[in-house]
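J.: From just these sequences and the hints, can you work out the full model?
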Amino acid sequence: MTFDRISWPRRTDRITIRPATTADLPAVFAVRSLPDVAEWMPDLPTSYDEWLLHLGRSGAVDRMLVMEVDGSVIGDLYVHVEDAWTQAEVKAAGKDAQAEIGWCLSPDHQGKGYATEAMVELVRICFEDLGVRRLTANAFADNAPSLRVMDRLGMTREAHSRADSLHRDHGWIDGVTYALLREDWTG
Amino acid sequence: MSETTPAPRPRPFEPVAWPVRTKRLLIRPVTPDDFGRLYEIRAIPEVTQWLTGRPASYQDYVERYGTPERLTSTLVIELGATIIGDLFLGVETPYSQVEVRDRADGSQAAIGWLIDPAYVGQGYATEAAAEMLRICFEDLGLRRVVAGAFADNAASLRVMAKIGMRIEGRTVRGSLHRDLGWVDGVEAAVLAEEWRAKPR
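Chains S and G, in that order, give the protein sequences.
Using this note's numbering, you'd call the opening residue of the first sequence number 1 and step up by one each time.
Using this note's numbering, you'd call the opening residue of the second sequence number 1001 and step up by one each time.
Worth flagging that the hints you see were computed from the coordinates, not collected in a lab.
Note that CB positions come from ideal geometry on N, CA and C, so glycine has one too.
One thing to keep in mind: the hints can contain errors.
[Said to hold, decoys possible] FRET-style restraints, in silico, Cβ to Cβ:
{"#": "1", "chain 1": "G", "residue 1": "Ser1057", "chain 2": "S", "residue 2": "Gly113", "range": "56 to 62 Å"}
{"#": "2", "chain 1": "G", "residue 1": "Ile1167", "chain 2": "S", "residue 2": "Glu39", "range": "28 to 34 Å"}
{"#": "3", "chain 1": "S", "residue 1": "Ser72", "chain 2": "G", "residue 2": "Glu1193", "range": "44 to 50 Å"}
{"#": "4", "chain 1": "S", "residue 1": "Ala88", "chain 2": "G", "residue 2": "Asp1152", "range": "15 to 21 Å"}
{"#": "5", "chain 1": "S", "residue 1": "Asp70", "chain 2": "G", "residue 2": "Glu1063", "range": "53 to 59 Å"}
{"#": "6", "chain 1": "S", "residue 1": "Gly154", "chain 2": "G", "residue 2": "Ala1017", "range": "47 to 53 Å"}
{"#": "7", "chain 1": "G", "residue 1": "Pro1019", "chain 2": "S", "residue 2": "Thr156", "range": "41 to 47 Å"}
[Unchecked claim] Per the computed footprint, the stretches of chain G lying under chain S, defined by three or more beta-carbons under 8 Å from a beta-carbon of chain S, are:
{"#": "8", "segment": "1048–1056"}
{"#": "9", "segment": "1085–1097"}
{"#": "10", "segment": "1164–1171"}
{"#": "11", "segment": "1174–1181"}
{"#": "12", "segment": "1187–1194"}
T.: Given below as structure tokens:
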């Protein structure tokens, strides 16, 4: 598994980052099941048991890290190492060459720079420890706080796709993709 | 954040009345009888310069393009009695939140095209690709069509522009080319409503 190669936990000034364990999942669910949080997230879980099943089945639990402040889980981070697009003959060189990253922060802790602080560390983990050459992050174009974090990480908006993403309440709306290459990363 | 994509549709081309005719061309789903001629085209190095795969042999071609998934997403272009190229039309599911996945399922297509170099420069790619958009929007009832290309594939970008696709994204050194290394890619798209509003 991706995270096995790294020594945990990682610490920033205020935050401890480590892979999620079963014991963290109730706290993560408590955040994810808030409608305001789920507005821009892939799902709005209503039943803890169903959410657990979905996490296991989709493999998402293996890509989840938690952010801890003063011993409490304040949100989760997401890392999905994937193959880059390549022509068929050079496929091997694109294996695990990039990662998609994301985050989800409890509303009680928003507005204090925690998402940026944790994501700066996650970018470092991806480039230095996981050895990927490129990072991507996707968001609904109207998710302004998320876009601000991407900007602060030094990511560049590479795509703005018109009405490409279906939202449960807003219908078909625009999505954006940001990216950052290791060679452009200033650390 | 990514979610798993549903399995490919078994018979995506079924709603279309084949063959489809344009002013000069005939378009129809591929059959294994076409493989000899299609390999002949793909064996020309300049054809595969910007394409995903460069088959090393006829056997390699059949292994890559004879799969059920490929057979249900490939069309051939005929001019008179001659196959002059092929088309890719893959129905796919765009991103959606989980609760509305059913509404997104199979609502988009990715398209691509290639023409035998002996027949380029006469607008055949544009004619075929434009017809593919009509098939996607009118016959298949899709809501969005996308196409990707290496940024330096000028011919492909010209076709995209001519058929009314907008460039929505440019990935920086995100795509690995067999000879050129990591290079830029472009993503183009057109919505059904945009296509309908465009004079033809």
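J.: Any of the earlier hints contradicted here, and which numbers?
T.: none
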